[in-house]
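Enquirer: Make the full structure from the sequences, and use the hints.
Number of protein chains: 2
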Amino acid sequence: MTVEFSLAPELARDCIELADWPLCKVLLMNDSQYPWFILVPRKANLKEIIDLSESEQVLLMQESAKLSRLLKKVLNPDKLNVAALGNMVPQLHIHHIARYKTDVAWPAPVWGKYPAVPYSEEQLARLKAYF
Amino acid sequence: MTVEFSLAPELARDCIELADWPLCKVLLMNDSQYPWFILVPRKANLKEIIDLSESEQVLLMQESAKLSRLLKKVLNPDKLNVAALGNMVPQLHIHHIARYKTDVAWPAPVWGKYPAVPYSEEQLARLKAYF
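Line by line, the protein sequences are chains U and H. So the first sequence is numbered by the working numbering: it starts at 1 and just counts up by one. So the second sequence is numbered by the working numbering: it starts at 1 and just counts up by one.
Below, a list of computed lysine-lysine pairs in the DSSO-like style, where the Cα atoms sit at most 30 Å apart:
1. LYS101(H) <-> LYS113(U)
2. LYS47(U) <-> LYS72(H)
3. LYS113(U) <-> LYS113(H)
4. LYS47(H) <-> LYS66(U)
5. LYS79(U) <-> LYS113(H)
6. LYS73(H) <-> LYS47(U)
7. LYS79(U) <-> LYS66(H)
8. LYS43(U) <-> LYS72(H)
9. LYS113(U) <-> LYS72(H)
10. LYS113(U) <-> LYS47(H)
11. LYS72(U) <-> LYS66(H)
12. LYS79(U) <-> LYS25(H)
13. LYS66(H) <-> LYS66(U)
14. LYS47(H) <-> LYS128(U)
15. LYS113(U) <-> LYS79(H)
16. LYS79(H) <-> LYS25(U)
17. LYS25(H) <-> LYS66(U)
18. LYS66(H) <-> LYS47(U)
19. LYS72(H) <-> LYS66(U)
20. LYS72(U) <-> LYS43(H)
21. LYS72(U) <-> LYS25(H)
22. LYS47(U) <-> LYS128(H)
23. LYS43(H) <-> LYS79(U)
24. LYS43(H) <-> LYS73(U)
25. LYS25(U) <-> LYS72(H)
26. LYS101(U) <-> LYS47(H)
27. LYS47(H) <-> LYS73(U)
28. LYS79(H) <-> LYS79(U)
29. LYS113(H) <-> LYS72(U)
30. LYS113(H) <-> LYS101(U)
Just a sample of chain H residues kept apart from chain U, beta carbon distances all over 10 Å, derived:
31. PRO22
32. LEU23
33. ASP31
34. SER32
35. ALA116
36. LEU124
What the hints contain is simulated information worked out from the structure, not anything from laboratory work. We put the CB at the ideal spot given by N, CA and C, even for glycine.
Expert: Now the structure itself:
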């Protein structure tokens with residue numbers, strides 16, 4: 001029996017779907033404090049990056065690099081934070097966060113730091129235009 | 001003029017060098033609260049993963065997978081945390097942390113959570129034996 005991919009309920013609740021790339025779903029965390037994007041490989045039962053096949057790992061690296069280059073180009077961050085944690089939501093997902101020395105959490109990691117501040121419709125429209 | 005790679009002073013101070021793989025130096029964070037390993041590509045002036053060439057990015061993914069498989073096999077963690085942050089230490093380095101539901105920081109990220117508790121010589125010898 002094939003188990004089909006479905007997005008973890010916490011990610012569906014907290015994020016906005018932006019695009020489907022060949023391997024990953026591209027999500028935007030609905031937290032206007034940081035430009036915070038998430039790649040979720042659309043394959044069931046993944047927990048770790050090494051649960052992907054070798055060719056899928058290369059594809060993940062390529063999509064991660066594509067997203068990173070895009071964020072660097074359009075948002076000019078001081079630093080990118082790229083991370084697969086999954087302590088709270090076990091479905092494999094890779095955070096890509098554009099960090100600024102002026103953001104509310106800098107230099108700490110963003111996870112669990114401050115409650116999310118949702119985007120306005122106008123802010124969302126501007127970010128969605130890049131995808 | 002070629003600028004040669006040298007390890008960031010903070011990483012040299014806080015970590016123990018375990019091995020040199022084809023692309024990366026393998027470090028162990030001297031904090032016995034978590035099995036916490038770090039890959040540092042041995043190339044000067046890197047800040048982001050996308051500062052590596054495409055073939056180096058693939059090599060990084062392969063070395064990250066090798067380290068992840070090793071940690072999963074010998075340490076049997078509940079979750080791996082794999083992350084390139086660099087807000088404090090800008091030199092590109094990729095954390096690989098074996099996390100347990102029983103560790104002191106779970107489910108929070110480990111960064112900035114608790115002061116490091118250095119390993120004993122005996123603990124160190126046991127971890128070094130895997131490399």
